[in-house]
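There are 2 protein chains.
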Amino acid sequence: MPVGTQGTVKGISPQELTDIGSQVVLANTYHLMLRPGEELVRAHGGLPGFTAYPGPFLTDSGGFQVMSLGHMRQIDERGVTFRSHLDGSVVELTPERSVAVQEALGADVIMAFDECPPYPATHDYVKRSLERTLRWLGRSLEAQTRADQALFAIVQGGVYSDLREVSLRETVAFGTPGFAIGGMAVGEPKEEMYPAVAQTAEGLPENKPRYLMGVGHPEDLVASIALGVDMFDCVYPTRTGRFGYALTDDGRINLNNAASRSQLLPLDSDCDCYACRHYTRAYLAHLIRAEEMLAPRMLSLHNLRYLHRLVERAREAIVQGDYQAWALAWGERYFKGKLPGWFSEAVVLKVR
Amino acid sequence: MPVGTQGTVKGISPQELTDIGSQVVLANTYHLMLRPGEELVRAHGGLPGFTAYPGPFLTDSGGFQVMSLGHMRQIDERGVTFRSHLDGSVVELTPERSVAVQEALGADVIMAFDECPPYPATHDYVKRSLERTLRWLGRSLEAQTRADQALFAIVQGGVYSDLREVSLRETVAFGTPGFAIGGMAVGEPKEEMYPAVAQTAEGLPENKPRYLMGVGHPEDLVASIALGVDMFDCVYPTRTGRFGYALTDDGRINLNNAASRSQLLPLDSDCDCYACRHYTRAYLAHLIRAEEMLAPRMLSLHNLRYLHRLVERAREAIVQGDYQAWALAWGERYFKGKLPGWFSEAVVLKVR
Numbered sequence: 578m579p580v581g582t583q584g585t586v587k588g589i590s591p592q593e594l595t596d597i598g599s600q601v602v603l604a605n606t607y608h609l610m611l612r613p614g615e616e617l618v619r620a621h622g623g624l625p626g627f628t629a630y631p632g633p634f635l636t637d638s639g640g641f642q643v644m645s646l647g648h649m650r651q652i653d654e655r656g657v658t659f660r661s662h663l664d665g666s667v668v669e670l671t672p673e674r675s676v677a678v679q680e681a682l683g684a685d686v687i688m689a690f691d692e693c694p695p696y697p698a699t700h701d702y703v704k705r706s707l708e709r710t711l712r713w714l715g716r717s718l719e720a721q722t723r724a725d726q727a728l729f730a731i732v733q734g735g736v737y738s739d740l741r742e743v744s745l746r747e748t749v750a751f752g753t754p755g756f757a758i759g760g761m762a763v764g765e766p767k768e769e770m771y772p773a774v775a776q777t778a779e780g781l782p783e784n785k786p787r788y789l790m791g792v793g794h795p796e797d798l799v800a801s802i803a804l805g806v807d808m809f810d811c812v813y814p815t816r817t818g819r820f821g822y823a824l825t826d827d828g829r830i831n832l833n834n835a836a837s838r839s840q841l842l843p844l845d846s847d848c849d850c851y852a853c854r855h856y857t858r859a860y861l862a863h864l865i866r867a868e869e870m871l872a873p874r875m876l877s878l879h880n881l882r883y884l885h886r887l888v889e890r891a892r893e894a895i896v897q898g899d900y901q902a903w904a905l906a907w908g909e910r911y912f913k914g915k916l917p918g919w920f921s922e923a924v925v926l927k928v929r
Numbered sequence: 578m579p580v581g582t583q584g585t586v587k588g589i590s591p592q593e594l595t596d597i598g599s600q601v602v603l604a605n606t607y608h609l610m611l612r613p614g615e616e617l618v619r620a621h622g623g624l625p626g627f628t629a630y631p632g633p634f635l636t637d638s639g640g641f642q643v644m645s646l647g648h649m650r651q652i653d654e655r656g657v658t659f660r661s662h663l664d665g666s667v668v669e670l671t672p673e674r675s676v677a678v679q680e681a682l683g684a685d686v687i688m689a690f691d692e693c694p695p696y697p698a699t700h701d702y703v704k705r706s707l708e709r710t711l712r713w714l715g716r717s718l719e720a721q722t723r724a725d726q727a728l729f730a731i732v733q734g735g736v737y738s739d740l741r742e743v744s745l746r747e748t749v750a751f752g753t754p755g756f757a758i759g760g761m762a763v764g765e766p767k768e769e770m771y772p773a774v775a776q777t778a779e780g781l782p783e784n785k786p787r788y789l790m791g792v793g794h795p796e797d798l799v800a801s802i803a804l805g806v807d808m809f810d811c812v813y814p815t816r817t818g819r820f821g822y823a824l825t826d827d828g829r830i831n832l833n834n835a836a837s838r839s840q841l842l843p844l845d846s847d848c849d850c851y852a853c854r855h856y857t858r859a860y861l862a863h864l865i866r867a868e869e870m871l872a873p874r875m876l877s878l879h880n881l882r883y884l885h886r887l888v889e890r891a892r893e894a895i896v897q898g899d900y901q902a903w904a905l906a907w908g909e910r911y912f913k914g915k916l917p918g919w920f921s922e923a924v925v926l927k928v929r
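From first to last, the protein sequence lines are chains U and Y. For the first sequence, my numbering assigns the number 929 to the last residue and increments by one with no breaks. For the second sequence, my numbering assigns the number 929 to the last residue and increments by one with no breaks.
Treat the hints with care, as some may be off.
No distinction is drawn between identical chains; accordingly, a pair holds when it is met within one copy or between any pair of copies.
Claimed, not checked - When the alpha-carbon atoms are kept at most 25 angstroms apart in a straight line, the in silico SDA-like pairs for lysine to any residue are as follows:
no., residue 1, residue 2
1, Lys587, Phe820
2, Lys704, Glu868
3, Lys587, Ala629
4, Lys915, Trp903
5, Lys913, Pro754
6, Lys704, Pro633
7, Lys587, Ser839
8, Lys704, Met649
9, Lys587, Gln776
10, Lys767, Ala867
11, Lys767, Ala698
12, Lys587, Pro772
13, Lys587, Leu841
14, Lys785, Gly918
15, Lys785, Arg829
16, Lys587, Trp919
17, Lys915, Arg619
18, Lys785, Phe820
19, Lys767, Gln600
20, Lys913, Ser645
21, Lys704, Asp849
22, Lys915, Asn605
23, Lys913, Leu711
24, Lys587, Glu868
25, Lys767, His855
Read the hints as simulated data drawn from the structure, not as lab findings.
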């Protein structure tokens with residue numbers, strides 16, 4: 578899912594999202610409730626009317642962003658109190674408020690309000706946090722008034738296997754239409770992250786979507802799909818594009834380098850995006866040096882299309898019953914023959 | 578002509594230019610020779626290959642930009658010596674070098690190397706300058722080696738009627754395939770500019786394009802078309818778009834204002850551009866406040882389309898033999914009933 582934090586995937590039009598095969602756009606409750614406010618979005622008939630993206634939306638609960646404010650926020654049983662990063666005003670976000678805002682925003686998938694503990698966090702902290710997140714899940718479901726939005730629950734438990742198990746069992750019991758794997762990609766090493774992803778994905782129902790929140794890089798998608806993950810979101814493709822980097826099967830290309838400036842070949846000869854069909858690396862590197870807006874726009878577009886093509890290929894390999902071989906071949910090229918242990922383990926040992 | 582200074586119309590893709598009806602894109606010799614250098618553009622097969630815009634290009638001669646560097650440049654009979662704004666290196670631009678660069682860039686229309694005197698400038702200065710510009714025109718034509726590029730000459734003479742007449746007569750004698758009206762919109766009041774435009778346009782051949790360089794705003798297009806001008810270029814539509822302004826028949830809308838943030842109507846209900854078909858002013862105003870790249874992109878697109886639609890309507894009125902009435906009606910609405918004298922005079926008295 579491309580990330581449209583403030584109601585726009587940075588630099589990309591809805592038509593382009595449709596053209597590259599985006600299936601869902603993620604928008605952020607925290608940002609939109611503060612600016613422009615959820616009532617303006619509601620007045621447009623929700624996010625599709627506001628943003629002109631005609632496809633499905635998913636909104637997060639706002640919890641993750643509030644947590645990442647650090648010392649500016651206070652958590653208690655009722656919810657979270659924080660200061661707006663825009664004007665410093667005090668705002669409260671509770672399960673009830675989060676669901677109300679998400680109903681106004683009108684996404685197709687909305688998320689339960691949860692706490693995403695930092696890494697590292699003590700066993701005791703993570704235990705108390707996941708228990709509260711379970712109570713907040715109950716309150717989120719209670720608060721829901723619209724029947725046309727799928728509310729996904731979020732499994733927590735950090736990197737503690739016993740706590741993941743508790744969170745899994747208790748969360749799955751709520752029977753929500755989809756489940757997210759939360760608390761990952763917050764600074765823990767891949768060696769701690771992947772066992773937790775594997776355990777959680779394994780324990781979630783086969784017949785409902787499994788969403789790994791805030792992930793990830795191409796290698797994370799390939800490894801996590803092996804573990805059974807169905808949905809991802811990350812600012813990485815657009816953010817790294819804005820910084821002048823392009824994703825390819827051979828790894829990330831740095832267009833800020835002098836070498837790119839004379840290369841009369843496309844970013845990625847396998848790609849069918851507008852940038853790859855029309856531009857040389859030399860031209861795009863020129864745009865970057867000249868600080869032209871078309872550079873971040875085209876690199877973001879390419880990177881999104883790269884990830885969409887990556888999961889299209891993964892889907893095809895799964896359909897062919899050939900995922901493990903495809904993923905290893907992809908990894909061999911991407912990592913230039915040096916597959917990290919966590920990647921091989923995810924693909925070979927835990928492949929479903 | 579949308580302006581693509583550095584080989585890109587800021588924020589706009591070639592596909593979008595085609596979609597909105599752009600007919601020619603202007604690129605700047607000065608900027609492109611300094612970065613990325615004309616040889617890289619030549620290696621792409623010229624500007625269409627480099628930029629992926631498949632339509633016609635026009636390149637300026639570099640003279641105007643060099644002149645605007647002010648104290649950093651020196652002019653003599655041979656040409657202009659200046660310091661690069663990028664790295665301070667000393668660069669020479671002569672008629673011969675300008676044409677050689679423009680041949681490498683490969684535009685369909687190239688411009689003779691000229692001096693565009695500042696405003697104000699003395700009669701004596703402008704006289705000596707236009708005489709040198711005539712000699713430079715001869716050298717530009719001498720230097721031309723490609724037969725597939727139309728080299729346009731530029732009439733100078735500032736706001737001095739007698740000097741305009743001299744420049745006109747001597748320039749037209751060269752019989753180039755098109756002519757530009759130079760030296761305008763450099764700070765002179767409209768009351769001095771329009772008589773000079775009228776005089777020059779009147780004196781140029783009927784059967785060849787007349788190009789008013791560096792102009793302009795919507796009202797300048799409507800007034801100048803009345804005087805017989807065929808071609809325009811200006812950074813105004815894209816620049817004012819990046820600053821949050823939208824062009825309409827009712828004047829310029831400031832999307833930075835609080836009022837826009839709650840308006841659930843399009844920028845311009847008469848417009849068929851992507852922004853007007855998909856977005857409310859409230860959404861676009863939100864993007865501006867949130868500093869999202871889609872804002873300058875969409876406002877630039879709308880403003881270019883607005884000017885294209887404006888000249889499409891002007892063309893239709895001319896075909897109908899109804900230009901004066903159309904232009905006055907347009908002006909009544911645009912100026913809210915208070916037509917400036919220079920506008921009425923250009924439309925009513927000098928209408929062709």
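Here is how each hint holds up against the structure:
Proximity of Lys587 and Phe820 under a CA criterion of 25 angstroms is satisfied in both settings, with 13 angstroms inside one chain copy and 18 angstroms between copies. Taking identical chains as interchangeable, the C-alpha atoms of Lys704 and Glu868 are never at most 25 angstroms apart, the minima being 48 angstroms within one chain and 40 angstroms between chains. With identical chains, the CA atoms of Lys587 and Ala629 are at most 25 angstroms apart both within one copy (14 angstroms) and between copies (23 angstroms). For the homomeric pair Lys915 and Trp903, the shortest alpha-carbon distance inside one copy (16 angstroms) is at most 25 angstroms, but the shortest distance between copies (71 angstroms) is not.
Proximity of Lys913 and Pro754 under a CA criterion of 25 angstroms is satisfied in neither setting, with 40 angstroms inside one chain copy and 57 angstroms between copies. In this homomeric assembly, Lys704 and Pro633 never come within 25 angstroms of each other (Cα to Cα): the closest approach is 34 angstroms inside a single copy and 66 angstroms across copies. In this assembly of identical chains, Lys587 and Ser839 lie within 25 angstroms of each other by CA distance solely across copies; the values are 22 angstroms between and 28 angstroms within a copy. In this assembly of identical chains, the alpha carbons of Lys704 and Met649 lie at most 25 angstroms apart only when taken from the same copy (23 angstroms versus 68 angstroms across copies).
Taking the shortest Cα distances, Lys587 and Gln776 never come within 25 angstroms of each other, neither inside one copy (34 angstroms) nor across copies (48 angstroms). Proximity of Lys767 and Ala867 under a CA criterion of 25 angstroms is satisfied in neither setting, with 37 angstroms inside one chain copy and 34 angstroms between copies. For the identical chains of this complex, Lys767 and Ala698 are intra-copy neighbours only, at 16 angstroms inside a copy versus 69 angstroms across copies, given an alpha-carbon limit of 25 angstroms. For the homomeric pair Lys587 and Pro772, neither the shortest alpha-carbon distance inside one copy (33 angstroms) nor that between copies (47 angstroms) is at most 25 angstroms.
Taking the shortest alpha-carbon separations for Lys587 and Leu841, only the inter-copy value of 22 angstroms comes in at or below 25 angstroms, while the best intra-copy value is 27 angstroms. Proximity of Lys785 and Gly918 under a CA criterion of 25 angstroms is satisfied in neither setting, with 29 angstroms inside one chain copy and 71 angstroms between copies. In this assembly of identical chains, the alpha carbons of Lys785 and Arg829 never lie at most 25 angstroms apart, being 33 angstroms within a copy and 51 angstroms across copies at closest. For the identical chains of this complex, Lys587 and Trp919 are neighbours neither inside a copy (31 angstroms) nor across copies (43 angstroms), given an alpha-carbon limit of 25 angstroms.
Taking identical chains as interchangeable, the C-alpha atoms of Lys915 and Arg619 are never at most 25 angstroms apart, the minima being 50 angstroms within one chain and 40 angstroms between chains. In the homo-oligomer, the alpha carbons of Lys785 and Phe820 never lie at most 25 angstroms apart, since the shortest distance is 36 angstroms inside one protomer and 46 angstroms across protomers. For a Cα distance limit of 25 angstroms, the shortest separation of Lys767 from Gln600 qualifies neither inside one copy, at 27 angstroms, nor across copies, at 53 angstroms. Proximity of Lys913 to Ser645 under the C-alpha cut-off of 25 angstroms is found in neither arrangement, the shortest distances being 35 angstroms within a copy and 51 angstroms between copies.
For a Cα distance limit of 25 angstroms, the shortest separation of Lys704 from Asp849 qualifies neither inside one copy, at 47 angstroms, nor across copies, at 56 angstroms. Proximity of Lys915 to Asn605 under the C-alpha cut-off of 25 angstroms is found in neither arrangement, the shortest distances being 37 angstroms within a copy and 47 angstroms between copies. Taking CA atoms no more than 25 angstroms apart as the test, Lys913 paired with Leu711 passes in neither setting, with 43 angstroms inside one copy and 62 angstroms between copies. When the C-alpha separation of Lys587 and Glu868 is checked against a cutoff of 25 angstroms, the pair qualifies both within a copy, at 16 angstroms, and between copies, at 10 angstroms.
For the homomeric pair Lys767 and His855, neither the shortest alpha-carbon distance inside one copy (37 angstroms) nor that between copies (42 angstroms) is at most 25 angstroms.
In terms of the numbered hints stated before, the structure departs from hints 2, 5, 6, 9, 10, 12, 14, 15, 16, 17, 18, 19, 20, 21, 22, 23 and 25, listed from lowest to highest.
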